[in-house]
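Visitor: Using the sequences and the hints given, assemble the complete structure.
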Amino acid sequence: MRALTWHGKHDVRMETVDDPEIINPRDAIIKLTSTAICGSDLHLYDGFIPTMKSGDVLGHEFMGEVVETGSRSTLRKGQRVVVPFTISCGSCYFCQKHQYSCCDNSNPADNQDISEFGYGNRMAGLFGYSHMTGGYAGGQAEYVRVPYSDVGPIVVPDGIDDDKVLFLSDILPTGWMAAENADIEPGDTVAVWGCGPVGLFAIQSAMLMGANRIIAIDHFPHRLELAAKFGAETINFQDVKVYDALMEMTGGIGPDAVIDSVGLEAHGLFVDNVVDQIKVSTFLGTDRIHALRQVILACRKGGKVSVPAVYGGFVDKFPMGAFMEKGLTMKTGQTHVQHYTQALLAAILDDKVDTTFLISHRLPLENAPEGYKLFHDHQNETTKIVLKPGLEKIQVEMPA
Amino acid sequence: MSVSDLMNAPATAARDGEVRAQEAGRDESKVTAAVVTIARPAQELYDFWRDFSNLAQVMENIERIDVQDRNRSTWAVKAPGGRSVQWESVVTEDQPGELLAWQSVEGSEIRNSGRVEFHDVPGRGTVVRAVIAYDPPGGVIAQLAAKLFQREPALQARRDLRRFKQFMETGEISTSARTRAEATDLPTAA
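Chains A and B are the protein sequences, given in the same order.
The first sequence begins at 1 in the working numbering and counts up one residue at a time.
The second sequence begins at 1001 in the working numbering and counts up one residue at a time.
A few of these clues could be false.
Partial list, derived from the structure: chain B residues whose beta carbon lies under 8 Å from chain A [unchecked claim]:
no.	residue
1	S1104
2	G1107
3	K1165
4	S1176
5	A1177
6	R1180
7	A1183
Mimicking DMTMM-like on lysine to aspartate or glutamate, the simulated pairs with C-alpha atoms at most 20 Å apart in a straight line are [what the hints assert, rightly or not]:
no.	chain 1	residue 1	chain 2	residue 2
8	A	K164	A	D350
9	B	K1078	A	D110
10	A	K53	B	E1182
11	A	K77	A	D162
12	B	K1078	B	E1060
13	A	K77	A	E142
For the record, the hints were derived by calculation from the structure and aren't laboratory data.
Note that beta-carbon positions come from the ideal geometry of N, C-alpha and C, so glycine has one too.
Guide: Pasting the structure below:
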């Protein structure tokens, strides 16, 4: 089959690799019909995530048709399914508590050492996201092997476009959980850093959860426009000082809840960010946390901090004093996708959530390497790229 | 020292090397302990383990265990350098649903012993604690080689217990292989 493979920083290629097969009884093989590039794929593309190996197949936002099932899979051939990016066994203590992204079993036994060493506990398996999370082949390919297919994939009705349901795989539940983790109360003002797909879905979710005001922060005008369409007030951090603007907008109190959907590659020419970049490039630190520092300083006393953004390693100059003295609460984590898919599918079918607005590009899977470059180099214009397997390669125009 | 004392002084704590050695009756450098919590009843886990022939399904370097009678079994184990070693093992302690211990018979090529405890923990399942001791084939050099091939005892015990947990909780052993050819070692492969 054809698949997008990782070979190093800014080096991804379309290659022909072995087709996946049923290995365990609960497996299913899915023939992919749509597969997206995620913002977190750019962290792999930029070489920020350790334990990647040359030839790894990327991709963790995908859907398609069931073409083969193991003896204990509950899926049937021909069903259309969206597959969560988290691989979860459904039977361990964590899955039973619906903390699916903490699954004890989906990371292969030999791979668990890496995350036990790095994080103190074994992490769940994820599709196409380094060997620390299992080394599973991802779904930017024609076919994918889905383990524990009786727990993860959600069957979607025929007649509904891929584009409408594809994001159940990651970013829609991730945005929803980000808002849920902000424990929004009636009357709350919620500030969201980063208007990428997760931030934009967090804004929509926070609205549905009854936020009084939402303030969106970014520097890409197009992304801020999208946030405004969902009713958010906006701050462009290139034009104003974010902290000062937030204080003015909230009567000197600060937002009640704050959401960091930026993560370890924060943009911007700020002193701490430049120092972080030097530390990262000289291995004195791994993650740049400019956004997270701002989030904590701006949050009101006793407020709530939600972190859906990806962090991988150690951070420097974390404002622990502000965090403690102000009595903040932080909730974070990889998304427990399986916990949210059923309710969010219903919300999509009832037109309560808009998902398709996000898609800026639809490309053949064969153009995936250009897709990565486009998403990486032109974030204002490129909000989301959906790849379609089985189409001829085309000429892709790069914005000026 | 009783088992309950040992639970208060975990064998995995660094200061307890002496306890581990005492417990296993061996040189401490060759003794390893590992612990895992499994969301299944203790009796079910004990029953699986009590039939030693089951262990080849979850232990990566065990080729085969042939059971002679309730207390005696022959173990065939993969050793460094593509070798295979065999020994006969005899049950030395047996408390149904709670504890099982075994030891290689006198004169075995690899002198070894093991002990596994099953403790009921309401709401969580069973805490399984294993203590494995063995003299590696070919002494210290072979142990170094084994480490390189990831057959080092501490690593092996930890990984084997994780596979035991995966198998008992999910009915299969997780693999990220894409093809059956890549998953040849997997005992649960379809």
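Visitor: Each hint needs a verdict: does it hold in this structure or not?
Guide: Here is what the structure says about each hint:
1. S1104: violated, 25 Å
2. G1107: Cβ of B/G1107 sits 33 Å from chain A, so the hint is violated.
3. K1165: Holds, because the Cβ-Cβ distance from B/K1165 to chain A comes to roughly 7 Å (cut-off 8 Å).
4. S1176: holds, 4 Å
5. A1177: B/A1177 check passes; min Cβ-Cβ to chain A is 6 Å, inside 8 Å.
6. R1180: Status holds, d = 5 Å.
7. A1183: holds, 5 Å
8. A/K164 / A/D350: Answer holds: A/K164 to A/D350 is near 12 Å, not above 20 Å.
9. B/K1078 / A/D110: Judged against 20 Å, a Cα distance of about 17 Å means the pair holds.
10. A/K53 / B/E1182: holds, 16 Å
11. A/K77 / A/D162: holds, 18 Å
12. B/K1078 / B/E1060: holds, 9 Å
13. A/K77 / A/E142: Answer holds: A/K77 to A/E142 is near 16 Å, not above 20 Å.
The structure fails hints 1, 2 (numbered hints given earlier, in ascending order).
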